[in-house]
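*Asks:* Sequence:
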Amino acid sequence: MARFFRWIGILILAAVAIFVLTALAARMSDGPIGLFAGGPLDSGERMDEGLSDWSAFRGVNAIDLQLLEPPRSRRVWIIVDDDGSLYIPSGFVRSLPMWKHWPHEALADGRAIIRIEGLLYPVQLVRTEDMGLLSKLGRDLTKKYELPEPEGQPDPDDFWVFRVDPRTAP
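Following my numbering, the numbering of the sequence shown begins with 1 at its first residue and continues without gaps.
Think of the hints as simulated: they come from the structure by calculation, not from any bench.
Where a beta carbon is used, it is the ideal one built from N, C-alpha and C, also for glycine.
Please note that a few of the clues may not be correct.
Below, computed lysine to aspartate or glutamate pairings styled on EDC-like, alpha-carbon distance capped at 16 Å [as the list claims (entries may be wrong)]: (1) 136 / 149; (2) 144 / 49; (3) 100 / 149.
Simulated DEER-style distance windows between Cβ atoms [as the list claims (entries may be wrong)]: (4) 118 / 82: 23 to 29 Å; (5) 19 / 68: 26 to 32 Å; (6) 1 / 111: 53 to 59 Å; (7) 48 / 7: 44 to 50 Å.
Go ahead and model the full structure; you've got the sequences and the hints to work with.
*Replies:* If you want it as structure tokens, here you go:
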């Protein structure tokens, strides 16, 4: 029995070591690795400014997002609205506060870089709090990603959406 527990301990230690090494490797990489936040976005052609119409990217499911402060990147879903506006949703802001830091960081300083189809765009993230728009974007998100239908209105404390505005590169 002692041998069994020793092997279980070794397996747990190995899993923790792999987890920690992957997290460290992601922080030093050009972009996120799976669920792990990555380092600054470097690869890709740098554009001088963001776009005002993102309609060409309507079929894209996810992009890389890097805040300028702190300079970490993550993979995020996107919604392109009917008018060509680009939105980045973030759920579970209140219910998973230890996991979801980036929405609060984006609220404090919305300067960001997004990598979409190999192109790097400087952008400004602006939180939208219009309940009508949040409801519409929530429905669009549910449809695009085949999520379960939510009951009622989205909770504005737990479901945040950032509009992606153009910004000129420094």
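*Asks:* Indicate, hint by hint, whether the structure satisfies it.
*Replies:* Hints and how they fare:
no. : hint                 : result
1   : 136 / 149            : holds (13 Å)
2   : 144 / 49             : violated (27 Å)
3   : 100 / 149            : violated (23 Å)
4   : 118 / 82: 23 to 29 Å : holds (26 Å)
5   : 19 / 68: 26 to 32 Å  : holds (28 Å)
6   : 1 / 111: 53 to 59 Å  : holds (57 Å)
7   : 48 / 7: 44 to 50 Å   : violated (57 Å)
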